[in-house]
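Trainee: One-letter residues, chain by chain:
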Amino acid sequence: MNKYHLTHLKELEAESIFIIREVVAQFENPVLLFSGGKDSIVCHHLARKAFYPANVPFPLMHVDTGHNFDELYKFRDQLVKETNAKLIIASVQKSIDEGKVKEEKGINSSRNKLQTTTLLDAIENHQFDCAMGGARRDEEKARAKERFFSHRDDFGQWDPKNQRPELWNLFNGKKNFGEHFRAFPISNWTEMDIWQYILQEKIKIPSLYFSHKRDCFTRNGVVMAKTSFTETKPEEEITNMQVRFRTIGDATCTGATISNADSLEKIIDEVTSSRITERGGRADDKRSEAAMEDRKKEGYF
Amino acid sequence: MSNQYLNMDLLRFTTAGSVDDGKSTLIGRLLYDSKSIFEDQMEAIEIASSNKGEEKVNLALLTDGLRAEREQGITIDVAYRYFATPKRKFIIADTPGHVQYTRNMVTGASTANLAIILVDARKGIVEQTKRHSFIASLLGIPHIIYCINKMDLVNYEEEVFEKTKKELVGFSSKLTTKDIRFLPISALNGDNVVNRSKDMDWYEGSTLLHTLENIHIASDHNLIDCRFPVQHVIRPQKDEFHDFRGYSGRIAGGVFKKNDEVVLLPSGFQSKIKSILNFENEIEEAYAPMSVTMTLEDDLDVSRGDMIVRVKNQPEILQDIEMMVCWMGKNPLSDKGKYTIKHTTKNVRCIVKEILYKVDINTLHRDTKDKIVNCNDIARIAIRVTKPLFVDKYNDNRTTGSLIIIDESTNNTVGAGMII
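Quick note, the sequences are listed as chains D and A, same order. To convert, count from 1 in the first sequence and add 1170; that's the working numbering. To convert, count from 1 in the second sequence and add 9; that's the working numbering.
No lab work stands behind these hints: they were computed from the structure.
What the simulated footprint calls covered on chain D by chain A, stretch by stretch (three residues with Cβ under 8 Å from a Cβ of chain A suffice, anywhere in the stretch; the number is not a length): (1) 1182 to 1190; (2) 1308 to 1319; (3) 1328 to 1334; (4) 1342 to 1352.
No residue lacks a Cβ here, since even glycine has one placed at the ideal position from N, Cα and C.
Hey, can you work out the whole structure from these sequences and the hints?
Mentor: Here you go:
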C-alpha cells in the first residue's frame, strides 16, 4: 500500500473522530448514549482518542431497562472506573414506577420500546442538546437513510422524508431552542469493521460476546437466555447451551447464537461466514417490516 | 482472513442512472455476487416482493428502507450500502433517479471517489447521461465508469458498445474528469459485473468488480498543499499535562511533518510543529485525511476556524468568493440575500452579490437571462463574506474548496458551493 494512503479502518477512524470533535465544537451539552454493547464501546474508545490527553468532555448515559445481564453491569462499572468517565443512568424502572410508561404484558413482553420515553425525559431533564450513539447504517434499512447529524424537533421526533442534505464533511448542527440532535459517528462502519477494529485496538468488551455456557430456551427459532425476568411457556424447555451474543441489548429481546467462538479471531471468522445479519436475532425488529422506522420516528435510538 | 482485512482500503462510489436502467439490479448483483446480502435480508425482501404481487425478487427493496418508499415504489433519499471483498471495503451512495434528483446526486457525489453511470445500450446517450456526467465532473469525482448496460438486449454486439463508447468519448471531452472508463455489461445476467461474460469474448478489459477493486485511489487526496483547519483546542486540566495545548482537526491536504515551519491563519504568526499526536502515540508525519492533534513550539492564540499551513504554500485569503452552487432550498436563492456559510471549521455570514448565470444541466448551456435559482438548479454566483475565508479552488482541494449555505430562518442547508 502507498505510503500516504490509509487503510479502511484508519480512514473510518479519522472520519468518526472528526464527527465526535464536531459535536463537541457545535453543541453545548452533548452526551454519548452507552449501552455496554460493542458499538457504544467503540464510540467511547474513539472519543478518548479524539480528546487525548484531555478527558472525554461529555458524560456517558446508559438507558437501563433493568433487564440487562449481570456481566454487562459489571463491565460498564469497570470501564467507567478505568477510563475516568462520567456515567448517568436513566432508569426505565423509574419511568414505570412513576407511571410514565406502562409495562407490556404477556410472554413476549419487553421493555425495549419503553426506553424511548426514558431517553427523551432524560435528554430534557439534563438539557442535552446532542445525543451521540453507536448506530450503524448497515444494521437496518431505516438506519441506512440516517444522517451523521440528525435533527429532532421539540418532541424528539425524526422526520425521515425531510432531512437536511449532508455534503462533504460539513455538518450543520444549527437548531432552535428546545430542539436537539442525534449524532452517529460510526454510521459508515459495518459489523465486520467493528470487530476488526476491536481486534486491532485491543479494546475490552463484555464476556457475553465470547462463547460460554448458559441456560437457554428456543422461541420462534431464536435462542433466548433464561433469566429471572423472562417468562417461559411450559413447552419451552430450558437447556444448558454453548452460546455467545452477537448484539447485546435488553435480555428479553436479544437472541443468542450457538457458537464455540471464544476469541476475537474466531468471532471474526464466524462473522465472515455468517449468512444472517446480527439483528436477525432481535425480536424487537421482527414486529413489523417498518418496526425500526416507527420507533425511530418517535425518538427511539 | 483476520490479518488480510487489516490491509484493505476504502472506496466510496456513487451510482447514477435514469429510471429503469437497471441500477438497482446492478447494485443487487454486486451485493449478491460478493455475498453481502444476508439470508434474513433476502428472506424479508422475498416476502415483501411476493406480498406486492411481484414475480421476481425485487432487489430495489433492499435499498428502499422507508415505509413511504416501499409504498410508492420510489426511492426518496440517498441510501448508503456497504460491501467488502478481500481487497477493499466499498461504500455505495445510491441516489434516486427521479425525485429531487440533482440535490441527492450532489449529496452522494460530494464524498465519492468514483461514479458509475449507467447507459442503456439500446438508447445510447440520453439527457440524463449528460446530467449525471456533468454533476460527477462538477463535484470533482476523480473516476467515472460508464457501464453500457443491457448488452444482452443488443445480442452482445461489439459494434453497439463501440458506437456508444465513441459518443461518450466525444461528449465527455468537455468534462474535467481525467479517468474515464467504459464497460459493456448486463446487470441482469451478471455479464462483466463480477464474472467475465462468456458472450462478449471481444471485450478484453476487466470486469466491473475487478476495476472497483484495483482502481488507483491513493492519489485522490491532495498530498501537496498542506492545510490543517483547527477543529478544537485541547487543554487537559491535568497535572501531568499542565502546559499542554493541542490543536486537533482533520488534515485537509498535504503531509505535515514534525519540525515543519508553519504559519497560522489569520494571525500570520509563524511557528514550528513540535509534535503530532494520534492518541497516545507520537507520530513523525500526518497526511490527509487523518484526524490528529498537533502541538507547536510557541505558545500562540489559536482557535477553532483558524488554519495551520506551510509558510511557502498558502491558500487564498478571500472575502469575495465566486462559486458554482447547487441550490437545495425550497425557496429560490435570494439575490442580495443573507445566509450563513460553513467552510471547513468556520462559520461566517454572507450576502449574495450577484447571480452570474444558471447552467442548463442537460445541454451545459449558460443562461444569463433567467436568474431565478430554484431547488435543484446549478448556478454561478458571487458572494461577500463577513470575515475572510482560507480557500483553495474546488478542483485543487475538495475540502478547502467546498462550503455549505445555511438559511438563517429555518437553519436548513440550502446550498452546496464549489469555489472557482
